[in-house]
Amino acid sequence: MYTLTVKNNYVWQITADAGAVRISERGGSHVFENLGNAFLDIPGMGQMAFIDLGEKKIPGYDVASETWGVLVRSNTSEAYYRYEGGGILTATFDEYGTCTLSAGRNTLIPVYLDELIVDVTGIPTSN
Numbered sequence: 000m001y002t003l004t005v006k007n008n009y010v011w012q013i014t015a016d017a018g019a020v021r022i023s024e025r026g027g028s029h030v031f032e033n034l035g036n037a038f039l040d041i042p043g044m045g046q047m048a049f050i051d052l053g054e055k056k057i058p059g060y061d062v063a064s065e066t067w068g069v070l071v072r073s074n075t076s077e078a079y080y081r082y083e084g085g086g087i088l089t090a091t092f093d094e095y096g097t098c099t100l101s102a103g104r105n106t107l108i109p110v111y112l113d114e115l116i117v118d119v120t121g122i123p124t125s126n
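Position 49 (the sequence shown) corresponds to 48 in numbering that gives the first Met the number 0; numbering is contiguous.
Here are the computed lysine to aspartate or glutamate pairs in the EDC-like style, where the Cα-Cα straight-line distance is at most 20 angstroms:
(1) K6 / D40
(2) K6 / D16
(3) K56 / E114
(4) K55 / E65
(5) K55 / D113
(6) K6 / E77
(7) K6 / E94
(8) K56 / E77
(9) K56 / E83
(10) K55 / E77
(11) K55 / E83
(12) K56 / D113
(13) K6 / E24
(14) K6 / E32
(15) K6 / D93
Think of the hints as simulated: they come from the structure by calculation, not from any bench. Remember, it's a predicted structure, so these values are computed and weren't measured experimentally.
Kindly generate the complete structure, drawing on both the sequences and the hints.
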């Protein structure tokens, strides 16, 4: 499990847990302790998902050697966090809604994963 601190300097409130947690605009913050899976709703920006990977590792990103993992996905970027013991992540939103994700320790790297893979069918081919 890991700890996620959300600092909100954005012009709108950010919510989590389907609205059960509300993080006030312009200076609000919230600490999620012993977190597994979660997502944040950021108005005008979409959602940010925190996916608890447990011991599973993302293929192709062997640089991170720690036991436990979290995949963070937003509409345009992903981050991969590996940690030992209790992990520490901080998501700081600026006044424009841009998020800076940082780790108190262990490994945090950007990763690049497809959001959608299309398995093409129905197009005639000439042989």
